[in-house]
Amino acid sequence: MANIKSAKKRIGTSQRKAEANKAVKTGIKSAVKKVNTAIEAGDKEAAQAALKVAESKIDKAAIKGVIKKNNASRKVSRMSEKIDKLA
Numbered sequence: 000m001a002n003i004k005s006a007k008k009r010i011g012t013s014q015r016k017a018e019a020n021k022a023v024k025t026g027i028k029s030a031v032k033k034v035n036t037a038i039e040a041g042d043k044e045a046a047q048a049a050l051k052v053a054e055s056k057i058d059k060a061a062i063k064g065v066i067k068k069n070n071a072s073r074k075v076s077r078m079s080e081k082i083d084k085l086a
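Residues in the sequence shown are numbered consecutively from 0, following numbering that gives the first Met the number 0.
Keep in mind that a hint or two might mislead.
As the list claims (entries may be wrong) - Now the in silico label distances, taken between C-beta atoms and shown as ranges: (1) Met0 to Gln47: 50 to 56 Å; (2) Lys51 to Gly11: 35 to 41 Å; (3) Ala17 to Val52: 23 to 29 Å.
Derived by calculation from the structure, the hints in this document are not laboratory data.
The model shown is predicted, which means the values in this text are computed figures rather than measured ones.
Just so you know, even glycine gets a beta-carbon here, dropped at the ideal spot from N, CA and C.
Go ahead and model the full structure; you've got the sequences and the hints to work with.
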């Protein structure tokens, strides 16, 4: 346990940031899952619509620093490649 006042504050702020980052990551996972279910169903229109939402969430997370930039671009690239193969 921290004894110094500033260390106690840092524990609180890091916990709040961790919870916020966890919520963002969960949102990304849900959006990616919607894209994948649309791809598995073979519905290209729904997959493209879901990709648009997922890409937005992923890009925002990368800008905020929740995930790294290359990780974000890799996720989007792989999903869009799967959608292109549906044609």
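Do the hints match the structure? See the list:
1. Met0 to Gln47: 50 to 56 Å: Between Met0 and Gln47, where Cβ atoms are some 51 Å apart, the hint holds.
2. Lys51 to Gly11: 35 to 41 Å: holds (36 Å)
3. Ala17 to Val52: 23 to 29 Å: Since Ala17 and Val52 have Cβ atoms about 25 Å apart, the given range 23 to 29 Å holds.
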